[in-house]
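Residue numbers (the numbering used here): 17 to 470.
No lab work stands behind these hints, which were simulated from the structure alone.
Among the hints, a few may not be true.
As the list claims (entries may be wrong) - No more than 20 Å apart at the CA atoms, straight line, and that leaves these computed lysine to any residue pairs for SDA-like:
{"no.": "1", "residue 1": "Lys165", "residue 2": "Tyr286"}
{"no.": "2", "residue 1": "Lys355", "residue 2": "Ala261"}
{"no.": "3", "residue 1": "Lys355", "residue 2": "Thr461"}
{"no.": "4", "residue 1": "Lys165", "residue 2": "Ala284"}
{"no.": "5", "residue 1": "Lys381", "residue 2": "Pro448"}
{"no.": "6", "residue 1": "Lys165", "residue 2": "His80"}
{"no.": "7", "residue 1": "Lys165", "residue 2": "Gly339"}
{"no.": "8", "residue 1": "Lys381", "residue 2": "Ala404"}
{"no.": "9", "residue 1": "Lys349", "residue 2": "Tyr286"}
{"no.": "10", "residue 1": "Lys349", "residue 2": "Pro297"}
{"no.": "11", "residue 1": "Lys381", "residue 2": "Leu357"}
{"no.": "12", "residue 1": "Lys165", "residue 2": "Gly276"}
{"no.": "13", "residue 1": "Lys381", "residue 2": "Lys355"}
{"no.": "14", "residue 1": "Lys381", "residue 2": "Ala284"}
{"no.": "15", "residue 1": "Lys381", "residue 2": "Thr461"}
{"no.": "16", "residue 1": "Lys381", "residue 2": "Val456"}
{"no.": "17", "residue 1": "Lys381", "residue 2": "Pro346"}
{"no.": "18", "residue 1": "Lys165", "residue 2": "Thr83"}
{"no.": "19", "residue 1": "Lys165", "residue 2": "Leu154"}
{"no.": "20", "residue 1": "Lys165", "residue 2": "Leu178"}
{"no.": "21", "residue 1": "Lys355", "residue 2": "Leu282"}
{"no.": "22", "residue 1": "Lys355", "residue 2": "Ala404"}
{"no.": "23", "residue 1": "Lys165", "residue 2": "Leu282"}
{"no.": "24", "residue 1": "Lys349", "residue 2": "Gln387"}
{"no.": "25", "residue 1": "Lys349", "residue 2": "Ala284"}
{"no.": "26", "residue 1": "Lys355", "residue 2": "Gly276"}
{"no.": "27", "residue 1": "Lys381", "residue 2": "Asp367"}
{"no.": "28", "residue 1": "Lys165", "residue 2": "Arg272"}
{"no.": "29", "residue 1": "Lys355", "residue 2": "Ile278"}
{"no.": "30", "residue 1": "Lys349", "residue 2": "Asp367"}
{"no.": "31", "residue 1": "Lys349", "residue 2": "Arg450"}
{"no.": "32", "residue 1": "Lys381", "residue 2": "Arg450"}
{"no.": "33", "residue 1": "Lys165", "residue 2": "Ala285"}
Unchecked claim - Derived CB-CB ranges, DEER-like:
{"no.": "34", "residue 1": "Leu394", "residue 2": "Gly276", "range": "14 to 22 Å"}
{"no.": "35", "residue 1": "Arg447", "residue 2": "Gly276", "range": "34 to 42 Å"}
{"no.": "36", "residue 1": "Ser324", "residue 2": "Ser131", "range": "19 to 27 Å"}
{"no.": "37", "residue 1": "Val456", "residue 2": "Ser69", "range": "51 to 59 Å"}
{"no.": "38", "residue 1": "Ser131", "residue 2": "Arg447", "range": "53 to 61 Å"}
{"no.": "39", "residue 1": "Phe402", "residue 2": "Val72", "range": "32 to 40 Å"}
{"no.": "40", "residue 1": "Gly363", "residue 2": "Pro413", "range": "46 to 54 Å"}
Here a beta-carbon is modelled for each residue, glycine too, at the ideal position from N, C-alpha and C.
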Amino acid sequence: GLITSGPLDGMQFGPGGVLEPFDPGTEVGPNFSSGGDGAYVVNGISPTENRQSYFVHAEYELNHRLTLITEGMYDSSGTASIGAPPFEVGSRFQFTIFNNNAYLPFAVQQMFAQSPAVTSFTMGRYSADLTPIINNDLTRMGRAMVGLKGDLVGRWSFDTHLIFSRAEQDLAQTDTINRNLYAAADAVVDSATEQVVCRSTLEGLDPGCVPVNLFGPDSITPQAAAYIEGWQYGDLSINQTAFNANFRGDLGDTVRLPAGRISAALGAAYQQNQAIRSADPLSYSYTSCAGLRGCPAGLNGVYGGFQSYNPSPLSGRISALEGYGELGIPLLKNLPLIKSLGLDLAGRRTDYDVVGIGYSEYSWKLGGNWQINRDLQLHATRSQDFRAPDVGELFTPGTSATSNMVFPSPTAPAPFAVTGESITEANLDLRPERGLTTTVGARFTPSALPGLLG
17 GLITSGPLDG MQFGPGGVLE PFDPGTEVGP NFSSGGDGAY VVNGISPTEN
67 RQSYFVHAEY ELNHRLTLIT EGMYDSSGTA SIGAPPFEVG SRFQFTIFNN
117 NAYLPFAVQQ MFAQSPAVTS FTMGRYSADL TPIINNDLTR MGRAMVGLKG
167 DLVGRWSFDT HLIFSRAEQD LAQTDTINRN LYAAADAVVD SATEQVVCRS
217 TLEGLDPGCV PVNLFGPDSI TPQAAAYIEG WQYGDLSINQ TAFNANFRGD
267 LGDTVRLPAG RISAALGAAY QQNQAIRSAD PLSYSYTSCA GLRGCPAGLN
317 GVYGGFQSYN PSPLSGRISA LEGYGELGIP LLKNLPLIKS LGLDLAGRRT
367 DYDVVGIGYS EYSWKLGGNW QINRDLQLHA TRSQDFRAPD VGELFTPGTS
417 ATSNMVFPSP TAPAPFAVTG ESITEANLDL RPERGLTTTV GARFTPSALP
467 GLLG
């Protein structure tokens, strides 16, 4: 434990709680440094991974113009990683140790006695005697597809697919429980029983609280560790149903240009995505410091009962219906400095439905290809693109805070007045991100150097 303020600033608690100077080492940062005293951080760079993948694809020719397509896939990936133990540093997590703490080393008791005006000090701690953060992640994905492809009249062909897929993620992580940690840290002696207890327990709060000794390495007992640590869980499933139909061919000789036929493609697609995530109740609760002495003010009222991660439950659905069309127009060919020159035109409309909220988006592309000769080709594209928010971005709760809000009135007595509000909710007002993209390029394949591509 490193003391960060007061007359003990720059000191640490060594084995057995002995007070001694702390050597910060070099390259000192907010959490880590090189060399010096303190525990050494061991992070797992390469986690253990167990992965399985299966894929099958089959086609059956119903007749010379029609083929049945089936496809199946399953993938499973499990990882287990071990990170750094919990560390409580900075104003957000550091401990406040009071002068009546039951585990105070004798040297610190004397310093408090010599300075009656000093009633507490703050201390950061790298808790190597707690379980390091363990992250277990299991992801499974299954997909089944059935479709048809074949030839239509003229030079037209088609393909169509019906797809069902499901992805599941089971995630579990160890971490410290915010309220339990700071309730246990404020350990005092019960004058009635002469036993060390949590101060909040004496006030009728935190039943079952196990006081913790924070002074020196390996000072936390297994019983205290079991009280201040826990597993958090977040199980996510995403289901997708999709259908698409695509047609391709050319416009024939009726609208044929001197450089060739105009190629065309058109299609439609429908997709529905539904996501559901469940989480342990502590993860989607709010940390409360009510009745706790020394609980960091920055933790009071924050979302999540654990020090980090805190998965939140979500449930949502998005559906999209879209149609598109593309044209490949050959303009010129076999002319001086124009071996071929053509345009690519494409447009797409997508209609979204987010739990009854509908809106439409458009994308388009204008491209040109100029084959100067057999050695040099130039191309350029201008497009409008967009990326729509997915189910996770739309339905995962986020926290927004409102201050300067008084309820029920500005003159309400203090026990009843609410002067701030924190709301955790999904954001269904998210809309697609739009962008205009310009791409220019060239390809050089010198015939004088066979085999060289540029």
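Exercise for the section: List in ascending order the numbers of the hints, as given earlier, that are violated by the structure. Expected result: 2, 9, 10, 12, 13, 15, 19, 21, 22, 25, 28, 30, 31, 36, 37, 40
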